[in-house]
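Visitor: Here are the chains, one letter per residue:
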Amino acid sequence: MMNLKNIGYFFREAFISLTRNRLLSIATVSTMVICILLLGTAVLMTINTGSFINRLESDIQIIVFLDNSMTSTQIVDMKRNIEKQEGVKSVVFVSREQALQNLQKKFTDKNYDLSKTIGKNPLPDSYEVKAKDPKNVGALAAQIKQMPGVYKVNYGQGLVERLFQVTKWVRIISIGFIVVLALGAVFLIATTIRLAIFARRKEIYLMKLIGATDWFIRWPFFIEGIMLGSGGALISIVLLGLGYNSLIHNMQTALFFIPLVYNHSLLVNVYLSLLATGALLGALGTYISLNRFLDV
Amino acid sequence: MLVQFYNVSKVYKNGVKALNDISLKIDRGEFIFLMGPSGAGKSTLIKMLFREEVPTRGQIFIASRSIVRMKRSEVPQLRRNMGIVFQDFKLLENKTVAENIAFAMKVVGSKTRDIMPRTSEVIQMVGLKGKENSFPGQLSGGEQQRVGIARAIVNRPLLLIADEPSGNLDMNTAREIMELLYDINRKGTTVVMATHARELVKSARKRVITLEAGQILSDQNSLESL
Numbered sequence: 000m001m002n003l004k005n006i007g008y009f010f011r012e013a014f015i016s017l018t019r020n021r022l023l024s025i026a027t028v029s030t031m032v033i034c035i036l037l038l039g040t041a042v043l044m045t046i047n048t049g050s051f052i053n054r055l056e057s058d059i060q061i062i063v064f065l066d067n068s069m070t071s072t073q074i075v076d077m078k079r080n081i082e083k084q085e086g087v088k089s090v091v092f093v094s095r096e097q098a099l100q101n102l103q104k105k106f107t108d109k110n111y112d113l114s115k116t117i118g119k120n121p122l123p124d125s126y127e128v129k130a131k132d133p134k135n136v137g138a139l140a141a142q143i144k145q146m147p148g149v150y151k152v153n154y155g156q157g158l159v160e161r162l163f164q165v166t167k168w169v170r171i172i173s174i175g176f177i178v179v180l181a182l183g184a185v186f187l188i189a190t191t192i193r194l195a196i197f198a199r200r201k202e203i204y205l206m207k208l209i210g211a212t213d214w215f216i217r218w219p220f221f222i223e224g225i226m227l228g229s230g231g232a233l234i235s236i237v238l239l240g241l242g243y244n245s246l247i248h249n250m251q252t253a254l255f256f257i258p259l260v261y262n263h264s265l266l267v268n269v270y271l272s273l274l275a276t277g278a279l280l281g282a283l284g285t286y287i288s289l290n291r292f293l294d295v
Numbered sequence: 000m001l002v003q004f005y006n007v008s009k010v011y012k013n014g015v016k017a018l019n020d021i022s023l024k025i026d027r028g029e030f031i032f033l034m035g036p037s038g039a040g041k042s043t044l045i046k047m048l049f050r051e052e053v054p055t056r057g058q059i060f061i062a063s064r065s066i067v068r069m070k071r072s073e074v075p076q077l078r079r080n081m082g083i084v085f086q087d088f089k090l091l092e093n094k095t096v097a098e099n100i101a102f103a104m105k106v107v108g109s110k111t112r113d114i115m116p117r118t119s120e121v122i123q124m125v126g127l128k129g130k131e132n133s134f135p136g137q138l139s140g141g142e143q144q145r146v147g148i149a150r151a152i153v154n155r156p157l158l159l160i161a162d163e164p165s166g167n168l169d170m171n172t173a174r175e176i177m178e179l180l181y182d183i184n185r186k187g188t189t190v191v192m193a194t195h196a197r198e199l200v201k202s203a204r205k206r207v208i209t210l211e212a213g214q215i216l217s218d219q220n221s222l223e224s225l
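So the sequence lines, in the order shown, correspond to chains A and B. According to numbering that gives the first Met the number 0, the first sequence holds residues 0 to 295 in order. According to numbering that gives the first Met the number 0, the second sequence holds residues 0 to 225 in order.
It cannot be assumed that every hint is accurate.
Ranges of calculated distance between the beta carbons of each label pair, as one might list FRET restraints [unchecked claim]: (1) 190/A - 92/B: 50 to 56 Å; (2) 237/A - 92/B: 36 to 42 Å; (3) 109/B - 183/A: 41 to 47 Å; (4) 275/A - 69/B: 35 to 41 Å; (5) 164/A - 69/B: 41 to 47 Å.
It is worth saying that the hints were derived from the structure and are not from the lab. Glycine is no exception: its CB is placed at the ideal position from the N, C-alpha and C atoms.
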């Protein structure tokens with residue numbers, strides 16, 4: 000495919016073409032910057048939405064209220080029984096005293112003493128059960144409810160199911176959005192690169208008639224496309240990185256309820272993938288545009 | 000036998016019938032003029048020689064190989080045995096005379112150490128010594144066509160195809176270019192040349208194939224008998 004002795008020639012031709020068609024190079028890089036910027040924004044938004052959804056989902060738990068008549072041995076046995084159920088991640092005991100304290104904490108005004116107002120503690124002992132897969136809480140709750148000594152189970156019935164409907168669609172829509180953006184980017188890049196190739200169609204025709212192989216003609220264009228693609232991607236990654244960092248610094252306090260993902264290695268991976276995407280888009284755009292001119 | 004056409008017809012996608020049942024043979028070492036009015040099918044026939052077009056019907060053999068059944072990946076090898084001279088020269092404006100010629104060798108993968116001496120040799124052959132470092136824009140039409148011819152022969156083709164090579168040149172320059180082509184032919188290269196220039200053909204005493212409306216009207220040993 001690539002004859003090693005021609006590598007120097009291929010790179011030289013690519014560089015000459017880059018500088019000769021300066022205006023078209025700038026146009027291609029600008030298009031690439033916009034595409035990667037949009038794509039990167041979409042990816043970052045998807046990652047953040049995903050982490051937000053994950054957090055919501057992992058908060059889902061089943062609260063098992065116990066019958067007040069249970070003895071302490073029965074309570075301990077029950078914990079073992081719950082843990083035996085399939086798909087249980089953790090079981091945490093919350094005593095009635097602790098439950099009252101927790102409730103008291105919600106009334107931040109210290110002057111308001113719950114236990115005095117109510118007189119005696121009306122709350123039952125309970126277990127907080129988390130499922131390995133939050134989607135199974137409904138089934139798990141139904142099973143636990145069958146156990147003797149269970150007074151009531153509560154897991155936000157109805158609400159949880161609706162949350163999963165919403166999160167499913169949020170995931171589908173964000174991935175669809177990224178796919179559409181990527182396709183649009185390929186089209187835009189291919190169009191810009193086609194202009195650059197069109198300007199050199201006579202040269203390509205001549206090379207074909209002299210007996211050049213398709214790959215001999217393709218390589219310089221490929222190298223040019225990859226350089227334009229990764230160059231554009233690099234610019235947008237810098238812009239995106241600066242923007243995202245300032246977002247983290249400035250918005251963290253203002254929008255505390257939206258926890259932004261700040262995982263260094265994850266972000267580095269995102270940026271590297273964007274760089275690779277830029278190079279790939281450049282190569283793909285060149286491939287699509289070039290084939291028509293090679294058909295001689 | 001270098002070229003054989005058997006009952007070749009060509010109908011373009013837009014319905015234009017360019018060639019209709021053409022059969023002809025060209026021997027190694029021949030010099031052939033292809034004549035006929037515009038639209039007679041000269042260009043289509045020429046393009047079939049280097050497989051820019053393929054026939055709708057019929058067979059074409061070049062050096063005993065069918066170019067109709069040829070795979071796309073084999074086409075470059077076919078073309079490396081040919082040199083093509085164009086009416087509009089098709090020189091690369093940003094390359095010098097020597098670079099334009101060397102380019103044709105580079106494209107077919109010649110060794111770098113072979114390129115320089117062979118380029119000087121053909122520059123000498125076409126009479127452009129001293130103009131190696133000029134750009135096409137600094138040359139006259141006749142000189143530009145000499146570069147075109149040098150580029151066409153630099154890879155030592157079996158077949159030289161010239162499509163109206165003197166179409167853009169005055170009569171004296173055209174005659175000089177013809178002398179160059181005869182010279183190349185004398186050294187063994189088969190030449191097929193499409194032209195309108197009746198004067199040039201008359202004085203040449205070479206085989207003349209005349210096309211009209213996609214068919215062979217006549218195939219003579221020279222034009223004087225007409």
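Visitor: The structure should be examined with respect to each hint, and the outcome stated for every one.
Guide: Right, here's what the structure says about each hint:
Under the hint 50 to 56 Å, the C-beta atoms of residue 190/A and residue 92/B, about 26 Å apart, miss the expected range. At roughly 38 Å, the beta carbons of residue 237/A and residue 92/B sit within the given window of 36 to 42 Å. The hinted window of 41 to 47 Å between residue 109/B and residue 183/A holds, with their beta carbons roughly 43 Å apart. Between residue 275/A and residue 69/B, the C-beta spacing of about 38 Å keeps the proposed range 35 to 41 Å intact.
Checking the proposed 41 to 47 Å range against residue 164/A and residue 69/B shows it is violated: the Cβ atoms sit about 60 Å from each other.
Of the numbered hints listed earlier, those contradicted by the structure are 1, 5.
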